[in-house]
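Chains as they are written, first to last, in our numbering: chain A, 1 to 364; chain B, 365 to 714.
Treat the hints with care, since some could be wrong.
Stated by the list, open to error - Listed below are the simulated DSS-like cross-link pairs for lysine-lysine, each with C-alpha atoms no more than 27 Å apart in a straight line:
{"hint": "1", "chain 1": "B", "residue 1": "419", "chain 2": "A", "residue 2": "234"}
{"hint": "2", "chain 1": "A", "residue 1": "102", "chain 2": "A", "residue 2": "315"}
{"hint": "3", "chain 1": "B", "residue 1": "419", "chain 2": "A", "residue 2": "203"}
{"hint": "4", "chain 1": "A", "residue 1": "104", "chain 2": "A", "residue 2": "315"}
{"hint": "5", "chain 1": "A", "residue 1": "248", "chain 2": "A", "residue 2": "353"}
{"hint": "6", "chain 1": "A", "residue 1": "102", "chain 2": "A", "residue 2": "78"}
{"hint": "7", "chain 1": "A", "residue 1": "104", "chain 2": "A", "residue 2": "53"}
{"hint": "8", "chain 1": "A", "residue 1": "111", "chain 2": "B", "residue 2": "647"}
{"hint": "9", "chain 1": "B", "residue 1": "419", "chain 2": "A", "residue 2": "78"}
{"hint": "10", "chain 1": "A", "residue 1": "102", "chain 2": "A", "residue 2": "234"}
{"hint": "11", "chain 1": "A", "residue 1": "203", "chain 2": "B", "residue 2": "605"}
{"hint": "12", "chain 1": "A", "residue 1": "158", "chain 2": "A", "residue 2": "234"}
{"hint": "13", "chain 1": "A", "residue 1": "158", "chain 2": "A", "residue 2": "203"}
{"hint": "14", "chain 1": "A", "residue 1": "203", "chain 2": "A", "residue 2": "248"}
{"hint": "15", "chain 1": "A", "residue 1": "78", "chain 2": "A", "residue 2": "104"}
{"hint": "16", "chain 1": "A", "residue 1": "56", "chain 2": "A", "residue 2": "104"}
{"hint": "17", "chain 1": "A", "residue 1": "315", "chain 2": "A", "residue 2": "53"}
{"hint": "18", "chain 1": "A", "residue 1": "158", "chain 2": "B", "residue 2": "419"}
To be verified - Computed list of chain A residues with no C-beta within reach of chain B, every gap over 12 Å:
{"hint": "19", "residue": "164"}
{"hint": "20", "residue": "166"}
{"hint": "21", "residue": "199"}
{"hint": "22", "residue": "230"}
{"hint": "23", "residue": "241"}
{"hint": "24", "residue": "288"}
{"hint": "25", "residue": "362"}
Honestly, the hints are just simulated from the structure, not real lab data.
Think of the CB as a built atom: it goes at the ideal place given N, C-alpha and C, for glycine as much as any other residue.
Here is what each chain is made of, one letter per residue.
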Amino acid sequence: MNNRYIALIVGVFLGAIVTYLLVPNAPPPAPVDQAAETAPAETLRDAAGLTLKAVKERGYLQCGVTQGLPGFSNPDDKGNWKGMDVDYCRAVAAAIFGDDTKVKYRPLSAKDRFTALQSGEIDILSRITTWTMSRDTSLGFNFAGIIYYDGQGFMVRKSSGITSAMQLDGATICTQTGTTTELNLADFFRTMGMKYDVLAYEKNDEVSAAYDQGRCDAYTTDASGLYAERLKLKNPADHIILPEIISKEPLGPLVRQGDPQWEDIARWTLNVLINAEELGVTQANVEQMKSSDNPEIKRMLGSEGAYGDGIGLGKEWAAQAIAATGNYGEIFERNIGVNTPLGITRGLNALWKNGGLQYAPPIR
Amino acid sequence: MEWMRKNLFSSWGNSLLTIVALYLVYIIIVPFLDWAVFSAVFTGDSRAACLGPDKGACWPFVYANWDQFVYGRYPEAERWRVNIVFFLGAAGLIPLLMPSVPAKLYNVIFLLVAYPVLAVILLVGGRPGLPMVDTSYWGGLLVTLVVAVTGIVVSLPLGVLLALGRRSEMPVIRMFSVIFIEVWRGVPLITVLFMASVMLPMFLPEGVTLDNLLRCLIGVALFSSAYMAEVVRGGLQSMPKGQEEAARALGLSYPQTMIFIILPQALRHVIPGIVNTFIGLFKDTTLVLIVGIFDLLGQVRTQLSDPNWSAPQTAVTGYVFAAALFWIFCFGMSRYSTFMEHRLNAGHQR
Numbered sequence: 001m002n003n004r005y006i007a008l009i010v011g012v013f014l015g016a017i018v019t020y021l022l023v024p025n026a027p028p029p030a031p032v033d034q035a036a037e038t039a040p041a042e043t044l045r046d047a048a049g050l051t052l053k054a055v056k057e058r059g060y061l062q063c064g065v066t067q068g069l070p071g072f073s074n075p076d077d078k079g080n081w082k083g084m085d086v087d088y089c090r091a092v093a094a095a096i097f098g099d100d101t102k103v104k105y106r107p108l109s110a111k112d113r114f115t116a117l118q119s120g121e122i123d124i125l126s127r128i129t130t131w132t133m134s135r136d137t138s139l140g141f142n143f144a145g146i147i148y149y150d151g152q153g154f155m156v157r158k159s160s161g162i163t164s165a166m167q168l169d170g171a172t173i174c175t176q177t178g179t180t181t182e183l184n185l186a187d188f189f190r191t192m193g194m195k196y197d198v199l200a201y202e203k204n205d206e207v208s209a210a211y212d213q214g215r216c217d218a219y220t221t222d223a224s225g226l227y228a229e230r231l232k233l234k235n236p237a238d239h240i241i242l243p244e245i246i247s248k249e250p251l252g253p254l255v256r257q258g259d260p261q262w263e264d265i266a267r268w269t270l271n272v273l274i275n276a277e278e279l280g281v282t283q284a285n286v287e288q289m290k291s292s293d294n295p296e297i298k299r300m301l302g303s304e305g306a307y308g309d310g311i312g313l314g315k316e317w318a319a320q321a322i323a324a325t326g327n328y329g330e331i332f333e334r335n336i337g338v339n340t341p342l343g344i345t346r347g348l349n350a351l352w353k354n355g356g357l358q359y360a361p362p363i364r
Numbered sequence: 365m366e367w368m369r370k371n372l373f374s375s376w377g378n379s380l381l382t383i384v385a386l387y388l389v390y391i392i393i394v395p396f397l398d399w400a401v402f403s404a405v406f407t408g409d410s411r412a413a414c415l416g417p418d419k420g421a422c423w424p425f426v427y428a429n430w431d432q433f434v435y436g437r438y439p440e441a442e443r444w445r446v447n448i449v450f451f452l453g454a455a456g457l458i459p460l461l462m463p464s465v466p467a468k469l470y471n472v473i474f475l476l477v478a479y480p481v482l483a484v485i486l487l488v489g490g491r492p493g494l495p496m497v498d499t500s501y502w503g504g505l506l507v508t509l510v511v512a513v514t515g516i517v518v519s520l521p522l523g524v525l526l527a528l529g530r531r532s533e534m535p536v537i538r539m540f541s542v543i544f545i546e547v548w549r550g551v552p553l554i555t556v557l558f559m560a561s562v563m564l565p566m567f568l569p570e571g572v573t574l575d576n577l578l579r580c581l582i583g584v585a586l587f588s589s590a591y592m593a594e595v596v597r598g599g600l601q602s603m604p605k606g607q608e609e610a611a612r613a614l615g616l617s618y619p620q621t622m623i624f625i626i627l628p629q630a631l632r633h634v635i636p637g638i639v640n641t642f643i644g645l646f647k648d649t650t651l652v653l654i655v656g657i658f659d660l661l662g663q664v665r666t667q668l669s670d671p672n673w674s675a676p677q678t679a680v681t682g683y684v685f686a687a688a689l690f691w692i693f694c695f696g697m698s699r700y701s702t703f704m705e706h707r708l709n710a711g712h713q714r
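Just chain A, same shape as in the assembly:
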């Protein structure tokens, strides 16, 4: 092999690369992106309307989600994000842009989630976050509402014949160490005057395995977590989740304090999804519903009045959100409902008319 030919080939190759490097960069969207990212967080935080402006200029919404929780936010085998929390982000993006793909998901750990929101790295945190007073006040966030009423529950084997948490006297209960679940458990049993033994493990997988091997009679954690863990048991159908919920864990999306307009967008997008279910507006019929006679539907879908103007969005905003994700009920059934592997019933998350807690103020 002649070295000169190789040198020639390599030379031509390097020349091509250098020429390519000298070609100027394609202009957008990079500059816009950088401008939004380097803008100091203070300015983003301190004025009304700036978040929406930044999102519109950037061309997409930045949404913080989990690093994977079945049914709430998880990537599927094609790499698309799926879940309740994700659908909410899509609804917000659709309300703003009319296009639910204009979202960039940022998977965050429980530790990093608040820093990411404070620093302006994300616009909205939709990551199974419990609404508590300290988070709402001293951390400087505002919650936009409650997307899922969660709470600590129990899972038992069907064969044990237990149908209520009141029958758990003397039971051995598996749980995870170092979480509030252990404290809630102690409180519950003390209040009910029942005895119990606790078997605590470091990792969720260990708790599941111990329960599956029959080392304890019941497994306790947040109900949504119980449904997800049940999928990993050898025979999921042999286990039931008891109806009693012993703690309050209202999960909802949150935004930075200080931009009331952005907060309103986050809050009313969620309200629209819930109202749409109540009014029977679905992803499929949203177009026909625009000509409905019901004044409430007319106001919501923008055929009467211009309620979107109040939050800086067009009058089609609500219709766009519903067209992208469907109403609250559809989102619930698609991601975690009884026909999905998770099989969660509506329970507390049913509409107020059906005995649940989901209730949204009217659009008027």
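Start from chain A and add chain B according to the hints.
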């Protein structure tokens, strides 16, 4: 038969040990094979296929998520770019590793100069015809290889320089090298990564942002250079002083002495140590998960949260798959180092 009698059953004690060892192998291998092959599920398109009390490994989970494991969330339409980068990397590396292929110099220039530039352009994009792909979309094997290869390529030359610096007679250079090595060796990698992703942005001047992945790459590269420096220094220490004195007596300058006389011999002595550091580095890449970057293992864990694939054996299958992939790479490196040792030691074999 003769061989078995001599080696396995030469005395009562040895026979007993052989039987115990065979029994241990039996109780480990048989259930594993049963899980991985005989009871395993090979076809299916959702968790339903893998459900059931006596099902083994859930392999369809691995095929269905294969693209996620290799590319992460790199946009589907742009994945050809990653493939080209993988292909060029292999095309540059394989001839370099085969001693009989000529033109090593050009090969090295391609791999160390042209290839990194080309890889960055292709992977990051932001040029005509190549849309920008933000590094937050990278994941899986792609990230593992990017982090490991950068660490390996940067750490060897930097490590050699630091090792020479530490043995230098110039006090400033020596002090700098000693402090650098001791500081980086004294801190766990997980801390380095955490500092790189959380603290570094605070020290940077206003308006300067460094990509999260780039910060990790710098952290990993500096960290492994410190380890490499100590390995190389071990080789330098083992050189008899006569070698250096002889070279100086012949009138060679310091750089000439080092490049032509000392380093070639010293590095040959520490090939096992160098490869050990590379393998360690390759496996340490999994730690980038804590700063929110999804390497191969992180991607496997994320995909496990898909309710469509949640089944009793899915998690174990995913972990076994990741372990196997890591093993292939590490074993490959290890075998190649053995081959190199034999080749370079041709004259010294006992």
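Would you assess whether residue 199 of chain A, listed as outside the interface, keeps its beta-carbon beyond 12 Å of every beta-carbon in chain B?
Fine: 20 Å to the nearest Cβ keeps residue 199 of chain A off the interface.
Interface exclusion of residue 288 of chain A relative to chain B, criterion Cβ beyond 12 Å
holds, 32 Å
Agreement of residue 419 of chain B and residue 78 of chain A with the hint, judged by alpha carbon distance not exceeding 27 Å:
holds, 25 Å
Are the Cα positions of residue 78 of chain A and residue 104 of chain A separated by 27 Å at most?
OK: residue 78 of chain A and residue 104 of chain A at ~16 Å, within 27 Å.
Given the hint that residue 419 of chain B pairs with residue 203 of chain A, does the C-alpha gap stay at or below 27 Å?
Given pair residue 419 of chain B, residue 203 of chain A holds - Cα atoms ~24 Å apart, limit 27 Å.
For the pair supplied as a hint, residue 203 of chain A and residue 248 of chain A, is the alpha-carbon distance within the 27 Å limit?
Holds - the C-alpha atoms of residue 248 of chain A and residue 203 of chain A are around 23 Å apart, at most 27 Å.
Please work out if residue 102 of chain A and residue 315 of chain A have their alpha carbons no farther apart than 27 Å.
holds, 19 Å
Take the C-alpha atoms of residue 104 of chain A and residue 315 of chain A, compute the straight-line distance between them, and say whether it is at most 27 Å.
Distance of about 24 Å is within 27 Å: holds.
Has the given pair, residue 158 of chain A with residue 419 of chain B, been kept, meaning a C-alpha gap of at most 27 Å?
Holds, at about 22 Å.
Residue 248 of chain A paired with residue 353 of chain A [C-alpha distance capped at 27 Å]
holds, 21 Å
Beyond 12 Å from every chain B Cβ - status for residue 166 of chain A
Holds: least Cβ distance 30 Å, greater than 12 Å.
With the threshold set at 27 Å, check whether the alpha-carbon distance from residue 203 of chain A to residue 605 of chain B stays at or below it.
violated, 55 Å
The structure fails to meet hints 10, 11 and 22 from the earlier list, while all remaining hints are met.
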